[in-house]
Each structure stands twice: as C-alpha cells, then as structure tokens.
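Next come the chains, spelled out residue by residue.
Number of protein chains: 2
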Amino acid sequence: MKHESLGIIEPQRACCEHPLALESGGTLERYDLVYETYGNLNDDKSNAILICHALSSDHHAAGYRDESEKSVGWWDSLIGPGKPIDTNRFFVVCNNNLGGCGGSTGPSSTNPETDKPFGPDFPMVTVKDWVKSQVFLSDLLGIECWAAIVGGSLGGMQVLEWSTHFPGRLQHAVVIASAAKLTAQNIGFNDVARQAIRTDPDFHEGNYYQHGVTPERGLRIARMLGHITYLSDNAMAQRFGRNLRQKEQLDYQYNPEFEVESYLRYQGEQFVNRFDANTYLLMTKALDYFNPARNFNDDLAAALSTATADFMIVSFSSDWRFAPERSHEIVRALHTNDLNTSYAEIESDHGHDSFLLEIPDYFKIMHSYMNRIYDQLSNTPKGYVDKDVGKDDGK
Amino acid sequence: MKHESLGIIEPQRACCEHPLALESGGTLERYDLVYETYGNLNDDKSNAILICHALSSDHHAAGYRDESEKSVGWWDSLIGPGKPIDTNRFFVVCNNNLGGCGGSTGPSSTNPETDKPFGPDFPMVTVKDWVKSQVFLSDLLGIECWAAIVGGSLGGMQVLEWSTHFPGRLQHAVVIASAAKLTAQNIGFNDVARQAIRTDPDFHEGNYYQHGVTPERGLRIARMLGHITYLSDNAMAQRFGRNLRQKEQLDYQYNPEFEVESYLRYQGEQFVNRFDANTYLLMTKALDYFNPARNFNDDLAAALSTATADFMIVSFSSDWRFAPERSHEIVRALHTNDLNTSYAEIESDHGHDSFLLEIPDYFKIMHSYMNRIYDQLSNTPKGYVDKDVGKDDGK
Chain V
1 MKHESLGIIE PQRACCEHPL ALESGGTLER YDLVYETYGN LNDDKSNAIL
51 ICHALSSDHH AAGYRDESEK SVGWWDSLIG PGKPIDTNRF FVVCNNNLGG
101 CGGSTGPSST NPETDKPFGP DFPMVTVKDW VKSQVFLSDL LGIECWAAIV
151 GGSLGGMQVL EWSTHFPGRL QHAVVIASAA KLTAQNIGFN DVARQAIRTD
201 PDFHEGNYYQ HGVTPERGLR IARMLGHITY LSDNAMAQRF GRNLRQKEQL
251 DYQYNPEFEV ESYLRYQGEQ FVNRFDANTY LLMTKALDYF NPARNFNDDL
301 AAALSTATAD FMIVSFSSDW RFAPERSHEI VRALHTNDLN TSYAEIESDH
351 GHDSFLLEIP DYFKIMHSYM NRIYDQLSNT PKGYVDKDVG KDDGK
Chain S
1 MKHESLGIIE PQRACCEHPL ALESGGTLER YDLVYETYGN LNDDKSNAIL
51 ICHALSSDHH AAGYRDESEK SVGWWDSLIG PGKPIDTNRF FVVCNNNLGG
101 CGGSTGPSST NPETDKPFGP DFPMVTVKDW VKSQVFLSDL LGIECWAAIV
151 GGSLGGMQVL EWSTHFPGRL QHAVVIASAA KLTAQNIGFN DVARQAIRTD
201 PDFHEGNYYQ HGVTPERGLR IARMLGHITY LSDNAMAQRF GRNLRQKEQL
251 DYQYNPEFEV ESYLRYQGEQ FVNRFDANTY LLMTKALDYF NPARNFNDDL
301 AAALSTATAD FMIVSFSSDW RFAPERSHEI VRALHTNDLN TSYAEIESDH
351 GHDSFLLEIP DYFKIMHSYM NRIYDQLSNT PKGYVDKDVG KDDGK
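The listed protein sequences derive, respectively, from chains V and S.
Under our numbering, residue 395 is the last one in the first sequence; the count climbs by one each step, no gaps.
Under our numbering, residue 395 is the last one in the second sequence; the count climbs by one each step, no gaps.
Source of the hints: derived by calculation from the structure; they are not laboratory data.
Some clues are possibly wrong.
Since the list gives no way to pick out one identical chain from another, each pair is judged satisfied if it fits inside one copy or across any two copies.
What the hints assert, rightly or not - Below, computed lysine to any residue pairings styled on SDA-like, alpha-carbon distance capped at 25 Å:
#1 247 with 194
#2 128 with 248
#3 132 with 103
#4 116 with 274
#5 247 with 234
#6 128 with 241
#7 247 with 25
#8 364 with 376
#9 128 with 103
#10 132 with 299
#11 128 with 340
#12 128 with 29
#13 128 with 259
#14 128 with 254
#15 128 with 243
If you're wondering where the values come from, they're calculated on a predicted model, not measured in any experiment.
Can you make the complete structure from the sequences, with help from the hints?
What follows is the structure, given as structure tokens:
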C-alpha cells in the first residue's frame, strides 16, 4: 500500500426501496448500490465529484481494499490526496452500477421473488437506468449538484446521460475516451464476446449459479478479445513484439509460443476469478444500446441541447475502440449548442487503456481542469464570505 | 453459373509417396494434394501460374464446383477467360494446402498408422512445408519455372517463401495484402480464435471426429472474430451502421438487435458447415510462425537476398490486419536487394477482405501486371518462332 494513497477504503451500501422503472420496460422493485467515498463533503455540499465506472470495473476506484498492493483501486493514480482529482479538496463518490458484480444488485444477487440468484431474470439495464440510480444515491448523500461527473469509456456515456437528463445537477462533465454511440465494429466485438459466454455449456442459460459452475471458457475468451481491443497495435508491438515466451526456440505446439499469447491467457484467467459472466453480458449490452441521438433523428447536437454543464472531452491518439473521431463528434455537437467545451487529444501509444494510465500530458490536463473547478467552488457565495472575512480593510 | 466463367471444374489429386521432412521436426511419410487447373499449359510450359490460398480457402479458386451460384471459386473474379489472370493465356494451378480440409492430407484424413483420422496427431505444418509440397506438385506437372506465383494474405507469405528458397523456379512474385510476419496484435487475435476452439468441450483434444461432434461453438466464435478483423471499421459502418435487424424498436434481448450481430452470427454458422476446426488451428499457427527474417537477426532484406524474381506488392489502404506498412517493409527489403519491384497501395474501404473483391483500381493493376508477364512470355525463344511463322515477309 503506497503512502500517498487514501489507505484502506470501506465500501458503503445504499438501499433504495422505491421501484425503478427501467428503459427496457421492466421494473426493479428495490435495489442496493455499493459505493465508496474519498475526501470530505464541504458544508454547502458543493465539492462533490461523481466517478462513473466502465465495463469491467466497479465502485473501488481509489485507495485499497486491504493491505495488499493489488487491491488498489482502478483509478487510484488519478484520485487521492494531491492527485488530479484531489481528495484534499473534493468529496469523491463512486458506485458499482446496477447489474454489476461488485455488491450492487445484479444477476448474482438473490431475487426476493424466488430466493435464488436472479441470473437471466435480472432485467436489461441501460446507461439511463444507471444514471437514475445514481440520482437516488445523490439524493441520499444530499448532493443537489455535483461539481463534476467524470467517466471514461462506458463511464463517459453516463456523464453524457447526466448532462442531458439532469442538467441542473452537475456543473462540469468530464468525458474521457468515450463515444456518443458504438460503431458497428464495436457492437460486433461485443457480440463475439457475448456469444462466447452464452454458448459455453456451463452458461446454462444464465442459471450457472445453481449448477455450481461458471462459464469460464467463454468469459476468458471475451476478456482476451477485449484486451486486444483496449491496446493499440503499436503498444502490443512494443510490449510483446514477436518475443518468445521463456524460450529460445519455437516448440511448434499449442502452448503459448509468444509472450503475447501468454499475457492474454493470463488476463483471461485473472478475469474469470473476479467477474461475473451475466454482468459482463449486461454491461456490453448497455454499451451497445447507448445512443442519445436515437430519438433525435441521429442528430447528436439536438440530443445534447438540454445540457448546460461545462464540458471537458479527452481522447487518445491510438485508441481505436473509442477513436478520437468519436470524441470530435461530441465536441462538434457541444459547440453547436454553444456550451463551454474543452477538448484534449492526448498523444499516447496505449490505445483505449490510456484512460486508466498515468500519462503525463493527460494527468496535467486533468489536474488543471480540476483546479479550475476548485477555483470556481471558492468563488461561490460561501467562498466570497470567506474572502471578505479575510479582508483587512476595516469596513 | 455465369457465362464468362470457366464452368464446372473437376479437382485433381496428386499423390506424393516420398516422405516430407517438416519444419516442426516431424515427417509426413506420404501425402495427397488436391488441386485444380484452369487454362492450358503451353508447349514449353512457360505460361504456368501458381495461386496460393489463404487461411480459410482451398484449391477451388475459380470456376464452379457444380451448377449452383454459390459453388463459385474464391478468386473467380480474378481468374478466368479475359480476366486479370487470363486463362486464355495462362495455365493456372491452385492446390489445397497440406493440413487443409479441402481434400489434401490433413487432420481429418485417415492416419495409415491407426486407421483413424489424424486429429491432433497431424503434425504442425508451416509455410515452408507448403512450399516444399508445391515444389513436388510443380515437378509432377513438369513445370520447371512458374511465370508467376500469386497469393493474398497467408498466400502472399507462400509467395515470399518460394521467392527466397526456390528463386530459380519463378519469374514473378505477386504478394497481395500480406506481411513478412504477423504483429503481436495479429498473433493475439489468432490465439483468441484458437482458444475458443480448443476450450470448446466438443473439441476433445482434437479427436472430435471419433466422438461424432465438432467444436462448432469455438469455430463459430473464431470465424465471427476473424470477420470483424477482415473488414474495416468504415466498411462495417457503411454496411451495417447501427441498423436494427428487421425491426423498428429495440427488444432489449440477447437475440440479434443489430444487423451486424445477425451478419456475424450467420457468417459463423456458415463456416462451421464447411471448415474443419483442426485445420483452422493449423492455418493460424502457420501464420504466426512465418517470419523469414527470424534466422537473419530480424533483417528482412538479408532474408530476401536470395530472391531473383520480379515483385509486385499490393496493399489496401483500410486493411488493418495486414496494413500497408507491412507491405512497405517488404518493398524496402526488396529495394535493398535491387530487385525489380512494383508496389501499389489501393484505396479501398473494405479492409483485408479487399484482396478478394473486384475493386476496379486493383483489378486494373493486376490486369496490366499480368499483361506484362504475358508479353515477356511471348519474347521467349519459342515466342519468337511463333512470331516468325506469322510474319509474311517472304524470307
């Protein structure tokens, strides 16, 4: 556990006993959201930042789960004391999304109607549903307006949804390595991953919990495939090239010959130990479905016309899963709506994964944007009072 | 069956009773190669063109297997009377590679030692082994020197191997949408495909023939994944976009919502009906292993220094599986060796699949290059005799 970190974080649980009407048509009668918070909420509750997680992560964004190094949060390099999202200044919240497998109500939770895990009976959830559940969490925490909502990839889609459907409840929208909709290629990759899981004989139509198995084979394949698409061709070339795995000569066998095979299989293996296959299915579907322009004749500017927040959009040069062009589309639509929009395209060889990495230019920009947000906080009425108190002009 | 085609083609079989020493260390005591020929071999056997097939194709490059439209050869648009590879001028040969499932000796053939299918006992075969078996076929057909050897993708690798190991046996090397070695990303995709097949419970360690099953699930996933990588992002956007499949509204189900899902699943389904999983494994491994520079300190120019043929290298702008940069590497190495080298980078939105498509610029270039080859044939001694006979100058 590193010194400059938040230390061990205890997750919390919010229980919502009000039914949630879902975009897919169903209703979730009640649900729990597991979340973590870092830093302190100020008196006027104006310094709160919501972090939205992506496909395969959860509420554990920063700090450690326990004493071990590997229990570190997925965005710990970005969030913490003195870090770009500075927990000495901000109160940071991150929740595990509905349908997740980090403790929030999801397919592996007990269905109160059957006393068995939901499995395939867990309804399809969308970005819109997640945002509605995050609104519940905001109310519970007494946060009327987030200083910023920040998310990468699928997380960025949640930020876009917040900004258009609850424009009064956030000041800044920070959308990193994201897109206003998936391309056909992206949907294709997601469907290959889903088919790998759903055709695994251990999937049992999603009821694998009762069979004491998990569709490990399919989930492993899904993760291996995902990993390739999160990295850039160049990043893989630099990191692995055609290096052989711990040997000098080819074996002409199906065991890993090349480092890259060994790496991908290891990533697949690790993933099946920590992630639920039904959740993976739900998260990829939420990605596919997201498309705010759908009801606006494919006009993204029209879809974003209700937004009022200031926007910070970030993309990475080598990200081919959520390419810079996808961010340009968002930026154009925001400009059409005369919204304050900053855009940064970061040079990086690390592909889509870049948004999770400590890349100096990226972190510098995040730091300075978060400073700007903090400076605005200090200029709120309460800030002025403090300043006036500090003035020594005798009035 | 189209009129301008070669009509129905009867495949032929060449039986090699000499042992083949394989690059992987083993020996194949005997083997059959199934092949097709189109056009007529001229008297001095100088007009022969060898076609090398890629990952998932076979000897049936042109013409029809039967009366049905869909029995057309995989390169029928390129090969035939009056087509770029003109069968009125050239004698064209294409064989199914060793390890294939089109009739040549492969994993589904009977192992004479056990009287059962080879299955996993079929040895690993490489591009070098294929070329050695093609040399046998050349000898059998009495072709000492091919006018050209032509191949796309994995086929192009065979052309490179011919040009360096049997330089005296070809005049022209035509290498299309290929590479001198796979990148880490490519190996990664191949390994995902292989793991999908090998972890399918119906794979039975490759002995599925005896169990009356095939690892359909895995092969389907492998093909779906392959298909995405053969197309470009743009091609998929133009062809499918986010179009829904035969409906107006989302269903929020796992059945295909989008056209692209439906297309990929269909492609996967078709493939399992025509291709053998063990062959798919072998072909992807042959792709991974190919790397002529391996024994030359990664110096491709040194690896190609034995070549004497004239080269035509073709790449496609949107091909990200075998990107133009991979062709540039080959072209640079050929220039270093002062070899006659033509290079064309064709603008195309169709990704790697472009090499199989009738793209006007591509076909025009192929036509003119093949014309050049034909003109050279006519200038051989025998050509002069014919011309002299034709001359009506009374001498």
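Discussion item. Within, between, both or neither: how does the pair residue 364, residue 376 come out at a Cα-Cα threshold of 25 Å?
Written reply: within (19 Å within a copy, 63 Å between copies)
Quiz item: 25 Å Cα cut-off: does residue 132 pair with residue 299 within a copy, between copies, both or neither?
Solution: Answer is within: at 23 Å inside a copy they meet the 25 Å cutoff, but 58 Å across does not.
Quick one: residue 247 to residue 234, C-alpha cut-off 25 Å, is that within a copy, between copies, both, or neither?
within (23 Å within a copy, 40 Å between copies)
request  = Classify it for me, residue 116 with residue 274: is the Cα-Cα distance of at most 25 Å met within a copy, between copies, both or neither?
outcome  = within (21 Å within a copy, 42 Å between copies)
How would you label the pair residue 247, residue 25 (within, between, both, or neither) given a Cα cut-off of 25 Å? between (55 Å within a copy, 17 Å between copies)
Review point. Is the C-alpha distance from residue 128 to residue 241 at most 25 Å within one copy, between copies, in both cases, or in neither?
Key: Answer is between: at 22 Å across copies they meet the 25 Å cutoff, but 41 Å inside does not.
| From the Cα coordinates, with 25 Å as the cut-off, is the pair residue 128 and residue 243 best called within, between, both, or neither? | Classified as between; 21 Å across copies, 44 Å inside a copy.
25 Å Cα threshold - placement of residue 248 relative to residue 128:
The answer is between: 20 Å across copies meets 25 Å, while 52 Å in one copy does not.
Q.
Within a copy, between copies, both or neither: which one fits residue 128 and residue 259 at a CA-CA cutoff of 25 Å?
A. between (40 Å within a copy, 23 Å between copies)
- prompt: Under a CA distance limit of 25 Å, which applies to residue 128 and residue 254: within one copy, between copies, both, or neither?
  reply: between (44 Å within a copy, 19 Å between copies)
| query | At most 25 Å between C-alpha atoms: does residue 128 with residue 340 qualify within a copy, between copies, both, or neither? | reply | within (24 Å within a copy, 60 Å between copies)
Could you place residue 128 and residue 103 in one of the four classes (within, between, both, neither) given a Cα distance threshold of 25 Å? The answer is within: 20 Å in one copy meets 25 Å, while 54 Å across copies does not.
Every hint, counting from the list given before, is met by this structure.
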